[in-house]
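K.L.:
Letter by letter, the chains look like this.
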Amino acid sequence: MKYTVGIDLGSTTTKAVVLDEDGRALGRGITNSRSNYDVACQVALSEALINSRFALVSGELGAAGLAQAERALWVAELERGFRAEQYRSQLRELASTLQRLLRRLLTRPPALAACVERILARMDEEVPALYAAGARRRSDFFRDLAGSRYLALAEQEARANGLGFDLLAGLFDKAILEVENSTVAAGRFEDHARVAVAGMAQPEPRLAAAVDRVADVELEQAGSVGTGYGRQRLPFPEGQIRSEILCHGLGAHALFPGTRTVLDIGGQDTKAIQVDERGIVTSFQMNDRCAAGCGRYLGYIADEMSLGLHELGPLACASKSPVRINSTCTVFAGAELRERLSLGEKREDILAGLHRAIILRAMSLLARSGGVHDQFTFTGGVAKNPAAVGALRRLLAENYGALAVNISEDSIYTGALGAALFALRDAQRVAS
Amino acid sequence: MSSAARPAPPEAQKDQSQLRQKQMIARHFDRLAAAPETGEKCAYTFVPGNLSELLLSFGVLPVLPEINSLQSAMRGKSAEYISIAEKQGHSEDVCTYVKSDIGMLLSGNIGPTGQRLPNPDLLLLSYTGCFTFMKWFELLREEYHCPVAMLHVPYQADGHVTPAMRQYVVEQLRRKVIPMLEQLTGRAYDEERLRECLKLSAQAEDDLVWVLHSARSVPSPIDSYFGAVYYLGPIFSSFRGTPDAVAYYRELRAEIADRVRLGKGPVTPDGEMGRERFRVVVEGPPNWTSFRQFWKMFSDEGAVAVASTYAKVGGVYDLGFRHDPDHPLETLADYCLGCYTNLSLPTRIDLLVRYLRDYQADGFLINSVKSCNSFSAGQLHILREVESRSGRPGGFIESDLVDPRYFSAANIKNRLESYFQMLEQKRPEGRA
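Those sequence lines, one after another, are chains A and B. Letter 252 of the first sequence, counting from 1, is numbered 252 in our numbering, and no numbers are missing. Letter 292 of the second sequence, counting from 1, is numbered 292 in our numbering, and no numbers are missing.
Read the hints as simulated data drawn from the structure, not as lab findings. In this text, all values refer to a predicted model and were calculated from it rather than measured experimentally. We put the beta carbon where it would ideally sit given N, CA and C, even for glycine. Among the hints, a few may not be true.
As the list claims (entries may be wrong) - Pairs of lysine to aspartate or glutamate residues, derived as DMTMM-like cross-links and limited to a Cα-Cα distance of at most 20 Å, are as follows:
#1 B:Lys426 <-> A:Glu93
#2 A:Lys174 <-> A:Glu93
#3 B:Lys413 <-> B:Asp300
#4 B:Lys176 <-> A:Glu277
#5 B:Lys135 <-> B:Asp93
#6 B:Lys426 <-> A:Glu345
#7 B:Lys296 <-> B:Glu276
#8 B:Lys14 <-> B:Glu191
#9 B:Lys22 <-> B:Glu255
Stated by the list, open to error - Ranges between beta-carbon positions, derived for each pair:
#10 B:Glu80 <-> A:Phe141: 43 to 49 Å
#11 B:Ala410 <-> A:Gly23: 28 to 34 Å
#12 B:Thr132 <-> A:Glu398: 34 to 40 Å
#13 B:Asp270 <-> A:Arg138: 46 to 52 Å
As the list claims (entries may be wrong) - Selected chain A positions facing chain B (Cβ under 8 Å, derived; list incomplete):
#14 Ser243
#15 Leu246
#16 Ser283
#17 Phe284
#18 Gln285
#19 Leu341
#20 Gly370
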């Protein structure tokens, strides 16, 4: 089966979207690997291809007569089992990497190896709970999931055995780089999916056959386009590289065909884009000389408050009385944040003010790009943040009146989707 | 990589006319360096509205601080000079031409050829449309304790020059500027000599305009933004009204005529440019600290600037103005009144729309520089108006004149690539 792929190499994450020959999105992959762009590209693509196979399994089940709701349940269970098995596989890789690093240490406290072993054993024991039905995971990235548990357990072990926590943490920091970038550790669809089916108490009889058939499907790449800040580093020829402005424009148009204005808040830049009725960019503006007010700003604030990035938005939404944050500089905003905290302001009120400050900068950019036209589509990682979305909706209504505001569940993949559509067009042009 | 290990960029390719210009400049700076011994008088003055012929008729040597600042940037010295000026108390927001010049002055006033520049005998503030010019010379007056001749040139707010405006400038020349030059040099005003210089100016201007108009050919044999900087050197600075300038422009015209005949594109510092893919009009001054890199961002994409407004800051000759030896003071007045930076926003918009049409351009780009409010104020308005009147897409990039801190290469490259891809996408089907 032929597919085309778009890969968006951002400053924070790398995303891939796989399309089938008819332009339907089959799978999406994302990695927060920052090692190098080639590896990030491979990891995201590999994830997107695995994800595509789940879509194919769903199609097989549909062809076998299962209703949509039933299919969704079985595919979700299959995926949960798959992810658990994939996590175990990565834990095994983490264990062997840690052991190798331990052997290389010049001075090795006697209790160290056993401590590491106990931590990994505990993490392995926790896998079923981590992937149980209804369980909430703080992140989809192995680095985050394994890291938070490893470090918490390492703290206990260090205290109990009189070891330095830094030593245990340092080992993890070195090991994780290799593990998160290993597509071997992430494993193959057929291996983990078959284990997942075998582990089900009462599997749907047609599921195993569907997995087998999908495992046999050969996915052949018919075209690829890269975009994002790292696009020049992609292992693609120049003709297969597109600006992320064009990709976000086309991606937003594909998700919401009525789109005329797109706002994308990425890790290090904010883009205000105007598109025509075909998704072709007519004008755009980007932040200049300074990245204040971009996604990284929120990352910095999350670090300052010792919170996870995904926790910021919900906390800010609890605000009853947002404070006014004046600083447009990320570092100064951090200083203002500390000052406000010391004055006894509530965290949620400060966070609400910070989110508004980001959106105010975006509003200025939108105005400079030619204003906001109906329909408006918000893309990029920050579109998943409810406080940012809330502030944006309010400011849009105040400044431009009532208009349709589109936000896709998959907003973070918009650039990769646009790239994949360009790849599909190129492939179709070559074929014809 | 250490700077010591970094390979030097390949030597820039130069035409015969460029070599001639280099020799002309070297001779001029030799004269300037020797002025304290030879007793030749020198006046510092600005490019817009420079009265080269008048100075020449008195035997006064011109020094152009703006040109020195941009040369300092091209030689990689401006960062150091700006930092020296900031230490003296000039804020970060002051025009960086001014700070680079002040820093150069405080570092021994070593000019672009490595020779010491003479102190001014006169500061000829021959154009006041830019208020920074006035402040700049106030600062220099404090340093040099020399007289200032100030020529106030009325702004063309209504888009045309009235007889009263012309008369106002002529009267200032007659009553203020000429008497000061007479006093400085001990010579009487020699109108015949001035007429001779003006005659030579008009000859050089004819050839310059032919060269600028050559960009109407497809492919364009010249780059009218980056390449034009070299072509404008003699006429914008110290050579207008000299036989040297006439010889230079005759040679340049012959070289460009050859290129037109052979169907060749422009020569860039990295050699002959490849296929012309985009024809653009550019508004705003270039960035000088990364001039070659900035140019390469265009030439790598096959983009040629076929017309630019920056090439008109020292005179909008292509609209028909020529120095007229029959009306020497009136023609100097008209010249000063007609400089690009003295034109109103509607006139600038008209000019850009005209360039887009006459030069068959695909679109236009605005480089908005932080340092220059005279240039940058209103540029977004220009962008919208020109887009709407011409139907051609505009792009917006931001940098600075000579402060390297405000040239973000990745950001600018990203915007340029996005812009060129947008042009490509908007082309009618079938056009390469």
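K.L.:
Which of the numbered hints are not met once you compare them with the structure shown?
P.N.:
Those not satisfied are hints 1, 4, 6, 8, 19.
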